[in-house]
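Asker: Now for the letters of each chain:
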Amino acid sequence: MSDAGAEVAEGTVTPTPPDRRRSLGVRRRLVPYYLLSPAGLFLLLFFLVPLGLMLYTSLQSGGLLSGGFRFTWAFNNYTDVLGQYQTQFVRSLVYSIIVTVAALLLAYPMTYWIAFYAGKWKSSLLLLILVPFFVSFVIRTVQWKFILGDTGPILGPLKDIGLLPQGFRILATPFAVVAGITYNFLPFTALPLYVALERIDKRLVEAAKDLYSSRWEAFRRVVWPLSLPGVFAAFLLTFVPATGDYVNASLLGGPGTTMIGNIIQEKFLTELDYPEAAALSVILMLVMLVLATVYARILGTEDVQRAAGANA
Amino acid sequence: MSAVAAPARPVTQPGPAPLNRPRKRWTRFILPTYTIVMIVYLASPIFVMILYGFNDVPFDRQNSKFWGFTLAWWKNVFNFPGLGDAFKNSLKIAPISAVVATALGTLFGLALGRYRFRGLGAIGFVIFLAIAVPEIVLGSSLLSMFVLTGVPLGFTTIVLSHIGFSIAFVAVTVRARVQGLDRNLEDAAQDLFASPVVAFFKVTLPLIAPAILAGFLLAFVLSLDDFVITNFVAGQETTFPLWVFGAQRIGFPPTVNVMGTILFTAGIVAAAANLVVQRRRQAV
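Sequence lines, in order, name chains F and H. Everything in the first sequence is counted per numbering that gives the first Met the number 0, starting at 0 for the first residue and increasing by one. Everything in the second sequence is counted per numbering that gives the first Met the number 0, starting at 0 for the first residue and increasing by one.
It should be emphasised that the hints constitute simulated quantities derived from the structure, not laboratory data. Because the structure is a prediction, the values reported are computed rather than measured. Heads up, some of the hints might be wrong.
[Stated by the list, open to error] EDC-like, lysine to aspartate or glutamate: derived pairs with alpha carbons at most 16 Å apart:
| no. | chain 1 | residue 1 | chain 2 | residue 2 |
| --- | --- | --- | --- | --- |
| 1 | H | 201 | H | 190 |
| 2 | H | 64 | F | 149 |
| 3 | H | 87 | H | 190 |
| 4 | H | 74 | H | 59 |
| 5 | H | 64 | F | 197 |
| 6 | F | 119 | F | 197 |
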């Protein structure tokens, strides 16, 4: 970036005595840290420290009724929960993969068309896509529960005219949970895709066409490769939170669709078994951390930050 | 809606040669039609929500039969026992957390977008993590901390947690705008003998104001919407989403739809205003 260069140039032309100039330089260099410190301190206290303390909790043992929990390096918490809740872990990962792929398939054609062909309607259409998500996550999901209900506005009439058997259900099936998560996380897929597609220089497609490529070929060899950073950002921003989701599974699912998030929240809030709950959460965090680190190493953090800041 | 008119427009639009030279095949309607279908699908629960807020059910639980049109739920929005308080609670938490998160996040975003400094990469990674982290991990880690330190759960812990997860979003929003700024403007102000502080307030701040506002609205909505993290740190306190989640097992009253509609409308107005402001700025 040119910022650093500008700073240096400015320093050399200022006619101040050398020692003062240096202290001014030092002060200038400290400016970003002053700006960072209030929020940095807050993030340290309410983001990083809690993560560390959760790690600490996960190694405690004991029980609430037997004199509270004590830190004992209880690594067996991890082996216990991994053995006991393997099904839910695997299920969460499988659901999340299906969700991520489905959301990408659903969102890509739409964001592609908006970014490339919607002209001056671009921002309005993007807004129309995002507008439903102003309504609370829980409310939207509750509405889906109502829409897909056994006697709801869709299944009810279909059963009445005999198109579906009376016992037919959508709720409490894996489909309902996967569909619910896909719906709820679609903006996390659509926004990074849109940001990446929108940044592609449209003249490149023109150039490809001038060079006698078909429209499909222009897409496959120009647009698709250039949109990959958006695809990866969308993957990360959808897959990671979807794995930890439990709201869809509790509202739209049944006993056979329990995800790891359901177990975590039940252990934390109902059973008050903090160490095991924390161990489960730490495992989820580690999976996320590995994915995020690999992602950041290869692709940098720029795309995700840009996608999250795209609402401005 | 205006979206219906969209497919035809770009073709007639003046300016650089449009990418979609009029193709005569029917296939050119596939993507625009698909986009409209998607928009309708995405909005479908919202339509249901708005419609059933006017449903004249004879009892106070949502029901799939539409019994007739009524404004009764609208007239008594805040009178439903428990729900009114939860809603007001949400409306108290959101502005506090949004104001603090905006103040902190704006400074953070300025530093990220404007300066190169030692540790920039690490800090960028923390922000990236704060955006990508699953809510359940954040919620459970905050609860772990509050339990270990013996902090009583309630209003304060909710507000602190909301500020915590909103900061990163405000920061990247402001950062995006700061990066797009012409640095020369501020230098010019300083050449004209404005102190760095004056230059900041007279030049930089007005230029990044839309991003600050957008960040504020985002933080507000994030706080209002949040269920997962709030559920972990709320203790006995309830917020609007928490109440709805608790009530849905036995069915929720149409009042919930009315409140949802109110919040939704407010969101649309804010977003539309933001869009108009942006349009005007681009036009200038």
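Asker: Each hint needs a verdict: does it hold in this structure or not?
Answerer: Tested hints:
no.	hint	in the structure
1	H:201 <-> H:190	holds, 14 Å
2	H:64 <-> F:149	holds, 13 Å
3	H:87 <-> H:190	violated, 50 Å
4	H:74 <-> H:59	holds, 14 Å
5	H:64 <-> F:197	violated, 44 Å
6	F:119 <-> F:197	holds, 13 Å
This entry does not satisfy hints 3, 5, going by the numbered hints stated previously.
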